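Novice: Protein sequence lines correspond, in order, to chains S and E. In terms of numbering that gives the first Met the number 0, the first sequence is residues 0 to 428. In terms of numbering that gives the first Met the number 0, the second sequence is residues 0 to 428.
Worth flagging that the hints you see were computed from the coordinates, not collected in a lab. Keep in mind it's a predicted model, so treat the numbers as computed, not measured. There's no promise every hint is true.
To be verified - Here are a few chain E residues that face chain S, going by a calculated C-beta distance under 8 Å: (1) Gly1; (2) Val2; (3) Arg26; (4) His27; (5) Gln31; (6) Ile132; (7) Gln136; (8) Ala233; (9) Ala306; (10) Ser311; (11) Asn328; (12) Pro329; (13) Leu330.
Claimed, not checked - Ranges between beta-carbon positions, derived for each pair: (14) E:Ala325 to S:Gly78: 35 to 41 Å; (15) E:Ala233 to S:Gly78: 36 to 42 Å; (16) S:Gly278 to E:Lys237: 25 to 31 Å; (17) E:Ala233 to S:Gly25: 40 to 46 Å; (18) E:Lys229 to S:Glu236: 44 to 50 Å; (19) E:Arg47 to S:Gly372: 19 to 25 Å; (20) E:Pro268 to S:Arg401: 40 to 46 Å.
Glycine included, C-beta positions come from ideal geometry on N, C-alpha and C.
There are 2 protein chains.
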Amino acid sequence: MGVKLGILGLGTVGAGTVKLLQDRTGRHPLLQEIEIYRVGVRSLNRPRAVELSAGVLTTDLEAIVSDPEVDIVVEVMGGLEPARSLILKAISNGKHIVTANKAAIARFGAEIFTAANQAGVYVMLEAAVGGGIPVIQPLKQSLSVNRIHAVTGIVNGTTNYILTRMQTEGSNFSDVLADAQRLGYAEADPTADVDGLDAGDKIAILASLAFGGRIHLEDVYCEGIRQVSKTDIAYAEKLGFVIKLLAVAKRQTSDNSQLSVRVHPTLVPQTHPLASINGVYNAILVEGEPIGQVMFFGPGAGAGPTASAVSSDILNLVATLKTSTAGLNPLLACGHHHYCQIAPIAELVTRFYARFLTKDQSGVIGKLGTCFGNYGVSLESVVQTGFQGELAEIVVVTHDVREGDFRQALAEIHTLEAIDSIPSLLRVL
Amino acid sequence: MGVKLGILGLGTVGAGTVKLLQDRTGRHPLLQEIEIYRVGVRSLNRPRAVELSAGVLTTDLEAIVSDPEVDIVVEVMGGLEPARSLILKAISNGKHIVTANKAAIARFGAEIFTAANQAGVYVMLEAAVGGGIPVIQPLKQSLSVNRIHAVTGIVNGTTNYILTRMQTEGSNFSDVLADAQRLGYAEADPTADVDGLDAGDKIAILASLAFGGRIHLEDVYCEGIRQVSKTDIAYAEKLGFVIKLLAVAKRQTSDNSQLSVRVHPTLVPQTHPLASINGVYNAILVEGEPIGQVMFFGPGAGAGPTASAVSSDILNLVATLKTSTAGLNPLLACGHHHYCQIAPIAELVTRFYARFLTKDQSGVIGKLGTCFGNYGVSLESVVQTGFQGELAEIVVVTHDVREGDFRQALAEIHTLEAIDSIPSLLRVL
Chain S
0 MGVKLGILGL GTVGAGTVKL LQDRTGRHPL LQEIEIYRVG VRSLNRPRAV ELSAGVLTTD
60 LEAIVSDPEV DIVVEVMGGL EPARSLILKA ISNGKHIVTA NKAAIARFGA EIFTAANQAG
120 VYVMLEAAVG GGIPVIQPLK QSLSVNRIHA VTGIVNGTTN YILTRMQTEG SNFSDVLADA
180 QRLGYAEADP TADVDGLDAG DKIAILASLA FGGRIHLEDV YCEGIRQVSK TDIAYAEKLG
240 FVIKLLAVAK RQTSDNSQLS VRVHPTLVPQ THPLASINGV YNAILVEGEP IGQVMFFGPG
300 AGAGPTASAV SSDILNLVAT LKTSTAGLNP LLACGHHHYC QIAPIAELVT RFYARFLTKD
360 QSGVIGKLGT CFGNYGVSLE SVVQTGFQGE LAEIVVVTHD VREGDFRQAL AEIHTLEAID
420 SIPSLLRVL
Chain E
0 MGVKLGILGL GTVGAGTVKL LQDRTGRHPL LQEIEIYRVG VRSLNRPRAV ELSAGVLTTD
60 LEAIVSDPEV DIVVEVMGGL EPARSLILKA ISNGKHIVTA NKAAIARFGA EIFTAANQAG
120 VYVMLEAAVG GGIPVIQPLK QSLSVNRIHA VTGIVNGTTN YILTRMQTEG SNFSDVLADA
180 QRLGYAEADP TADVDGLDAG DKIAILASLA FGGRIHLEDV YCEGIRQVSK TDIAYAEKLG
240 FVIKLLAVAK RQTSDNSQLS VRVHPTLVPQ THPLASINGV YNAILVEGEP IGQVMFFGPG
300 AGAGPTASAV SSDILNLVAT LKTSTAGLNP LLACGHHHYC QIAPIAELVT RFYARFLTKD
360 QSGVIGKLGT CFGNYGVSLE SVVQTGFQGE LAEIVVVTHD VREGDFRQAL AEIHTLEAID
420 SIPSLLRVL
């Protein structure tokens with residue numbers, strides 16, 4: 000009758016999920032059919048925020064994924080191993096999977112989904128991207144008839160929090176990061192967030208769903224926000240932009256044979272729907288035909304929102320399993336096996352923002368223009384913005400240009416005697 | 000093998016849906032299993048934007064809903080009758096339904112879903128609210144474990160377009176309406192839009208899904224935007240608000256026994272996520288526990304977006320029917336039978352904005368304050384904003400107050416000799 004869960008992990012997300020599943024009043028009545036049968040933890044002796052019946056807690060995670068009584072394995076332990084091995088073992092034992100593990104799915108998705116299709120089980124991952132925001136299920140189901148052109152997201156709350164504070168307070172990256180760490184909005188080791196790697200995992204997952212192919216994670220270009228300065232945020236504002244860490248997956252070529260999948264700080268026009276997404280919030284903009292633009296906005300992390308996503312996946316599985324007998328629902332299962340071809344970043348066509356410090360003024364703008372012209376880089380605006388000590392500061396925004404051509408022009412500009420340095424280089428949406 | 004569609008209606012949405020279903024390249028491969036078997040129209044001789052094989056077009060709509068070959072009836076004809084009768088007949092013949100008909104569902108939903116449950120068929124209605132924006136399916140599935148506290152939407156593109164233009168241009172309602180009609184953004188008879196009735200239908204549907212009960216449409220309070228003036232838009236802006244036509248469904252009482260379901264122009268704080276939804280766009284904000292706030296944003300109307308929603312419903316049905324044998328998926332079917340209790344508008348507790356024209360100034364603010372005080376209305380701000388001819392203009396914003404008490408205070412204020420008129424009365428979010 001009931002569906003038995005084996006939950007791996009009882010950290011923030013695990014405890015949030017247990018709490019939600021135990022507190023059923025006023026929620027969907029189908030929750031009554033779910034039994035928290037086993038919860039795997041590292042130590043039985045730690046104090047827990049949730050109460051569980053005797054015998055539910057266990058340190059034997061291998062036993063959970065092999066237990067014939069378990070119907071669904073809920074992997075909320077995070078990390079790469081043993082999460083990957085436990086998921087694969089659970090699948091081989093015929094368990095359906097619900098996971099919040101973006102890192103494991105982005106790296107081992109191909110292996111995991113191939114195994115799941117062979118075993119005839121589902122792997123649900125709403126919580127892996129955008130916390131509580133429904134985006135995986137809408138991409139799989141509600142937008143399934145569209146030809147998707149682009150998915151553009153603010154999918155990392157830590158960096159959006161830092162950039163929002165830099166913007167509103169005029170502060171430096173390092174000061175805000177230190178404060179965010181103190182307040183618990185950033186990890187002690189902030190690498191995965193501030194270097195764009197977490198966002199890279201998430202856009203790889205979204206790209207796979209939106210474009211119906213697998214993604215080699217190593218093809219995803221990731222550039223973080225460490226080099227974003229308050230100076231650039233201020234100039235961007237004057238030019239009508241805010242700077243956001245965007246994760247982008249987009250059809251690159253007109254024949255749709257290549258994708259561009261990348262994470263980088265980006266100048267976003269102030270009127271763009273993503274420009275007003277502030278603080279720890281996340282948003283994912285999906286563009287396609289015939290839908291046009293739709294955007295999903297909400298809390299990108301946190302115990303409650305993530306538990307909402309994990310538990311909704313569980314409930315959807317319970318509802319699906321109750322009524323289906325023959326094979327996997329083709330919209331909920333992973334139907335693709337080929338890999339998407341991802342163009343190298345040098346092939347990207349985009350606008351650029353660049354800031355130059357120059358030794359003297361006379362003729363410098365002309366020299367810059369000549370170098371850019373040599374590589375077919377057309378300029379939208381060139382502004383001499385002021386001085387930093389002895390050096391003049393010049394800000395350039397280009398028209399669309401192939402990134403490789405722009406980099407070649409910059410290399411030549413670097414050799415100009417008048418150029419002191421190029422402190423900033425950012426893409427423009 | 001294939002799933003056969005009987006489509007009722009070939010207007011904007013019908014033609015958009017046919018076009019999408021015929022143009023499969025680059026879309027989900029499951030679309031190949033769908034056959035456009037019959038399309039019911041009023042006249043065979045009208046020129047059509049889509050090409051259909053001989054024998055597909057018919058004027059005999061009754062025959063479509065009775066045809067044993069038809070698996071899914073797609074009702075995109077709109078209007079109340081014969082849409083209602085055809086849907087019911089299709090259900091009684093065991094057809095699944097996809098409909099974009101908010102008016103019919105808001106009025107006859109109880110009858111239609113009772114019949115559907117008896118017949119063991121699905122009624123899908125993603126296109127009925129928010130055009131192409133996925134909101135029905137997320138409410139049914141991705142947010143299903145949440146206790147929903149409130150659903151607040153900008154769900155009528157015409158009125159949002161008019162209010163946005165009044166805001167940006169400082170124009171009058173009647174001028175912008177006339178221009179919107181000329182441009183095709185408003186109907187020749189704009190009643191359903193500008194009087195809030197269309198939004199009322201939609202919030203009734205959203206409330207039913209969010210709170211798991213049926214809604215008597217006549218309990219939904221609807222107030223339109225005809226009385227919104229450019230003067231109030233300008234004052235609202237000075238006070239930090241924009242005026243939007245909001246459709247709101249909210250738990251009213253702490254014991255959750257009563258809902259408030261209503262449509263009215265509302266002062267929305269400029270920092271609120273709904274404040275920046277402009278033009279013909281729609282957005283629906285869902286608040287619940289543990290999710291917090293999530294918002295869905297996109298095109299609220301148009302052939303393409305609506306066709307996306309209709310076709311995705313069809314594809315979801317095809318995917319579900321392929322793999323299910325035993326009964327209806329409890330998250331996709333309508334599981335409730337009771338009616339939600341909706342509190343009368345007098346019981347609403349909200350902030351108010353009111354604008355008064357007074358004959359002279361001396362002591363008027365004191366008299367207003369006394370009248371308000373008599374009924375327990377506490378004021379957040381009182382500003383004498385200027386003069387209109389001989390009359391002084393006073394704008395008041397209250398703290399939260401029971402609407403009935405506020406109305407009583409206003410009735411007493413009306414009797415004051417110093418009060419000329421109360422040209423504006425708006426609720427504040």
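Novice: Any CB of chain S closer than 8 Å to the CB of serine 311 of chain E?
Specialist: 5 Å, holds
Novice: Taking the closest Cβ pair, is glycine 1 of chain E under 8 Å from chain S?
Specialist: 14 Å, violated
Novice: Do the Cβ positions of lysine 229 of chain E and glutamate 236 of chain S conform to the proposed distance bound of 44 to 50 Å?
Specialist: 30 Å, violated
Novice: Next item in the hint list is histidine 27 of chain E. Is there a CB on chain S closer than 8 Å to its CB?
Specialist: 5 Å, holds
Novice: Have a go at the asparagine 328 of chain E hint: is there a Cβ in chain S nearer than 8 Å to its own Cβ?
Specialist: 5 Å, holds
Novice: Double-check valine 2 of chain E for me: the hint is only fine if its C-beta lies closer than 8 Å to a C-beta in chain S.
Specialist: 13 Å, violated
Novice: Would the hint on leucine 330 of chain E be counted as holding, given a Cβ-Cβ threshold of 8 Å to chain S?
Specialist: 4 Å, holds
Novice: Does 40 to 46 Å hold as the CB distance between alanine 233 of chain E and glycine 25 of chain S, or does it fail?
Specialist: Because 42 Å falls inside the window, the suggested range holds.
Novice: Mind checking the CB of alanine 306 of chain E against every CB in chain S and telling me if the closest is under 8 Å?
Specialist: Nearest chain S Cβ about 6 Å off; hint holds.
Novice: Has the hinted range 40 to 46 Å been met by the Cβ atoms of proline 268 of chain E and arginine 401 of chain S?
Specialist: Holds - the Cβ-Cβ distance for proline 268 of chain E and arginine 401 of chain S, about 44 Å, lies within 40 to 46 Å.
Novice: Go through the hint on arginine 26 of chain E and say holds or violated, using the shortest Cβ distance to chain S against 8 Å.
Specialist: 6 Å, holds
Novice: Please check whether isoleucine 132 of chain E passes as an interface residue: C-beta within 8 Å of a C-beta belonging to chain S.
Specialist: Holds - the Cβ of isoleucine 132 of chain E comes within 8 Å of chain S, reaching about 6 Å at its closest.
Hint compliance for this structure: hints 1, 2, 5, 8, 15, 18, 19 are not met, and every other hint is.
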